[in-house]
Structure formats: C-alpha cells, structure tokens
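Asker: Given next are the chains, with one letter for each unit.
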Amino acid sequence: MALPERITRAVSTTSFRVAAITVAAYLAFAGLVVGVLLWQTNRVLTSQVLTTLDGEAQQLRAEAQSGGTAALVRAVETRSTSGAPGLYYLGDAEGRKLAGNLSRLPPEIASNPSGGVFRYSPDIVSAKEQLAVAIPVNVGSGLQLIVGRDVEEQRRFASEMGTVYFLALGFLTLGGLVAGMAISRVALRRIETINAAARSIMAGDMARRIVVSGSGDEYDAMATNLNAMLERIDALMSGLREVSDNIAHDLKTPLTRLRNSAEAALRETGETAYREGLEHTIEKADELIKTFNSLLLVARLEAGALEGNAETFDVGRVVCDVAELYEPVAEERGMDFKVDVDTGLWVTGNRQLIVQAVVNLIENAIKYSGKAEARDDAEIAIDLRDHDKNVEIIVADNGPGIAAEDRERVLKRFVRLEKSRTEPGTGLGLSLVQAVARLHGGAVRLEDNCPGLRVVLTLPKHADDR
Amino acid sequence: MHVLVVEDDRETAQFLQKALKESGHVADLAEDGEMGQELAEQGNYDVLIVDRMLPRLDGLSMIRELRTKGMRTPVLILSALGEVDDRVKGLRAGGDDYLTKPYAYSELLARVEALARRSVPEEQETRYVVDGLVLDRLSHRVTRDGEAIQLQPREYRLLEYLMKHAGQVVTRTMLLEHVWDYHFDPQTNVIDVHVSRLRAKIDKNFEKPLLHTVRGAGYTIRDGPA
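Protein chains in written order, with the numbering used here: chain A, 1 to 466; chain B, 1 to 226.
Because the hints were derived from the structure by calculation, they are not lab data. Heads up, a few of these hints could be off.
[Said to hold, decoys possible] Derived DSSO-like pairs (lysine-lysine); straight-line CA-CA distance at most 30 angstroms: (1) B/Lys69 to B/Lys101; (2) A/Lys367 to B/Lys101; (3) B/Lys201 to A/Lys367; (4) B/Lys21 to A/Lys290; (5) B/Lys164 to B/Lys204.
Please model the entire structure based on the sequences and the hints provided.
Answerer: Structure (structure tokens):
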C-alpha cells in the first residue's frame, strides 16, 4: 500500500478522528492556561517594579523637601551614576535637564500621572531601544522628575517563556496526532484481521474463525462474540444438512412404498383390487403429508416464528382437557390413566402449540407403553407441578422406556429407535415437543420412570404468577 | 349446490370441478382473484372455495373486498400455509373455514357441504331431531324414542354437532376442531373412540342405527343407511 493511501486510510478511521478531536480540545485548554500564565507573570513583575518606584519616589520627595532643589539634583546624580538599575530624569520648568541618566523626558510618562511604559536608548551609539517602566514624581517648584526601571530583561524573559510555551504546544499537537495515527493503525490492523476472516468465510471457508489476541480488550470481546455467532450458524447449518439428509431418507422410504403400492395395484385386475390398491396409495400419501407438515411446523418453530398468537391461559385446564380427550383411548387399550392435575397455574404462549405438545407426549405414551408386551398393568400418569418459576407437565408411562444414552438423541428430528421403526409415526413428535418448549422459553427432559419413561415438559409461568 | 372455485392451478381446479360434479354439485372456475371477485358478485353461489395465493388479487384481499360489499356467501379458504396463525388470519379476513393443502377430497366435500348449510338463514333451532333421537338445546336433554339418554358434556357437544349436520358427512378433523377446538392431526384413533362411546349410548339398545361411519371420510347421523 502506498504511503499517502495509508495515511488517508488512517486519517479516515474513527480512532484517528477521536485522537484529533482530543488533541484539539487539549490544545485549546493548554493555550488558555499558557495565556493566563503569561499575563499573570507580567502583572506580578510590573507591580513589583511599581512598588520599588513608589519607594524611590518617596525618598526623592523627602530629599527635595529637606534640602531643596540642589539636594534633589545631587541625589538624582548620585543614583544615576551608582550603577543601580534605576532610570532618572530631572528637568526644570523650562525643560532643561538638570540631572539623570535618561537623555530626554519621555513624553508618554510626563503627561500620565500614574506612569507607564516607554522605550529609551541606553547609549547613543547603538540606538537600540529598550523597554522601561516609569512614574512621574511631583517634587514641586515646577521641576519634572521621572523615576523608572529598565524592564527589558523581564520582557525578554516573558517572551522567551512564551516561545517555550508555544513550542510545547506544537510538540503536543504533533505528538497527539502521531499517537492518534498509531492507535488508528493498530485498530485498523485488528479490524482488518476480522475483515479478512469474514472475507474468507464468505468465500466458503466455513471453519475459519477470527483470531482472539488474548489481551481481553474490546476487540477480543467482539471477536469472541463473532466467533460464537459463527459457531451457532455453523451448528444450524449442519443441523439443516442433517435434516435434509434425513428428509431424503425418511421421505424416500414412504415415497418408494407409495410408488410400489401404485404399481402393485396396476398389476392386479378387478375393481376391488384396484380400489384397495388406490386406497392403500392414498394412505401412504397421507403419511407423507403428515411427515411433511410436522417437519415444516418444527422448522418454523425452531426459526422462532410465533406470530402474535400468544395468550395467557390456565395450563392445568388445557392439560385436563387434552387428558380428557385421550382417557377413553387409553382405557380402550386396557391402560390405567391417572390424571393428577390442578388448575390455577397460568402460562403465556400459543395454546394450540402447547396442546399439540401435550398430545404428542400422551400419544407417545399410549403408543409405546401399552403395546410392547401386551401387558395388562400398563399405566399412564399425567401430572402438573408448580416448580419455582416454571410449570412442569409430566407424562409418565411404565412401558419399555428409553435407555439413558438414547434420551438426548430421540429429541432430534427423525430419530427413531430401532424398536420403534416399525411403528407408525413420523419421528418428529418429540422434536416438536422440544421446539414448542424452546419457543416458550422452556425445556424437555426425559427421565427414567423405573420402569418406563417420564417426560417432563417445563414451561415458564406467566410473569404475574411467579 | 352451486360452487365457485377460485384457484390458479388448472389441474387442481379441474379436479375439483369434476369431483364436485360427481358429488352432485355444479362448480364454476376462476383463475385469479379479480375474475373470482367478478364472478362471485354476479353469480348466486352457495359456497366459494378460494385459494389463498392467487395472481392479480390474493385470496384474502378478495374475500375482504367481497365482505366489505356485504356479500355473505360462505367461503372455504384453501392454503398451503397451515399454521395456527395463518388460519386465524384467514378467518379474520372473512373466511368461514380453512383447509390446508394437500387435503383429502372427502374432507373438502364434507366442509363445503357443512358450509352451504349455514347459508340458509339460521333460525335458532331449539331441537334437533333424527328419527326417534331428539336433542333439546334448551334443556340439554337427549332422548331416543322418549327414553332419556345420559351424556357427558363433551358427548353432548359431539352429538349436537353431528345432529346439526344431520345427513351430511362430518370428518374427524371437523369434529376435533368444532367439538374440542383443537387443530392438530391425531396419530391415534382418538375421535373414533369418542364416537363409538357416543354410539354405544344412542344406538346400542335400539334396532335401527343412526350414527354411521362413512369409510374414508368420517361420520354421519341420518335416518336410513349411510
């Protein structure tokens, strides 16, 4: 990358802009501080000089009062030549110079009773002017006396100070900008690694992840989050792949059967045979449709599509109603059907879906517990429990149960255990229960009923009831 | 019965037309929503069968427009979208019943016939009578040949629905929807069990059966053979 381009890029980053703004604000503040400092320094120095001058003026006034003009001239003469830093000018009423080391009367001082600043040339040769502060002293008898101090030294000091301050400000600006640039470059580099990872993922390298530097800063937090998101997407995608493989298998099998039964019917002769063959074919087609519908429903639920059908209802009532619907079915098969459900626990959600989930659990219990060994003590128990912030709907049977190692697996789509492959069913019943539970913020748990299976469907209670 | 089928898939439409004709009904076809709306406004139909996804004007909008114009002909919505919320949307738009594709023709026929019945001004019938079986809707009493029959509340509602549609075929899903208010596909013979319990109470001790099973379709209550 060419340098100008790199600079442009660095300048256009947020971090650089933040650095630039910070530097500007800091500069403004520092400038203010320097200004105040300079002004204050000047003020202190000037007031010191003025105090000294006042003192001297008093002494000279005393001299003039006690000794008259001659004594004053002498005193001024002595002070002017003693090598002291003072500046003096004494003139008479006609404007003639009587004594002093100033060559002329500075007009700006003479006319200003509170004194002021003027320029003078200490020696005639160089004619270089220096800055001085002076006050006029009223000694009477028409005499004009000026007492002053050279402040060139102080002025130079102040101006040097100013230069130093402004230089410092300059360095500060430069340093700030360079630091901003450097920070932005670091930021750019970190972001570039994320961009690079994103590009290669988009190009198809799904396993690629963003490198986490380990410093634990915001970039690491972002990288960690992005990686977690990628993991989740990956899991969903492999889930989808798995499902499509399973669909291929689970839909192909009934499709083949469907085709076979149609073909078999064709080979037959006679209306009754045709009719039977066609009825069989329709039956197979219906099975396919059922599988397909359940699959779509599970997929939609897992995608979180619960569009505004939530209502708050008494879950005990709903479970009771479903149990009432199925009680005769269980009884017809010689099963004991126990319902121990209290009403008064409220849940917010999609009632039809929760009904469907409970139905699936009860139908499973009826299907698998009674039939297996043609037992006569088959029993199904439906319970509803108030558990902390949740409601637990428990459907238990004393059938063959599910081995501990298979319990996680049967919740997945299309997973059917060997024993049940021959039973009618889509292999989606428990997946649907789980999808419904998750959609409502609940969960499904399979437990050993010793013997048999106990399925616990947990749903969060309605918020006001907790 | 005069039926209008609004369906853009020609094969499906023709299948329905032919099947309805065989069932003794007359069916007109419309290929899109606008044509459907036009025909529905002109013709005097007993039932409209409307696909949800149609070119030009979608099914739900068409129904909504017809309803705004005051048309009260019963509508059966056909849709590939079968979730509960889709059904709710369909019924809210003014549909009277909702059937998810793919469907069994017997199911469609039963629902269409049940709908057509409703278009006859519904006088508040207080008694349903089939032969000697009488259901009094005011006192909730059921008698057959004057003999009182004790029914559970749910059995009563089941019988009430069957007798309301006496002479027509009522499918298992229709029963599940109207008697229990559930919308799912049972994997067990749960409805059959309830019907056979009801049958044991109303038919068992009598010579002539009234509650018949219609093979491949559902049930019907009628005075005479199924």
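Asker: So, for every hint listed, does it hold in this structure?
Answerer: Hints, one by one, checked against the model:
no., hint, in the structure
1, B/Lys69 to B/Lys101, "28 angstroms, holds"
2, A/Lys367 to B/Lys101, "27 angstroms, holds"
3, B/Lys201 to A/Lys367, "27 angstroms, holds"
4, B/Lys21 to A/Lys290, "28 angstroms, holds"
5, B/Lys164 to B/Lys204, "21 angstroms, holds"
Checked against the numbered hints listed earlier, the structure breaks none of them; every hint is satisfied.
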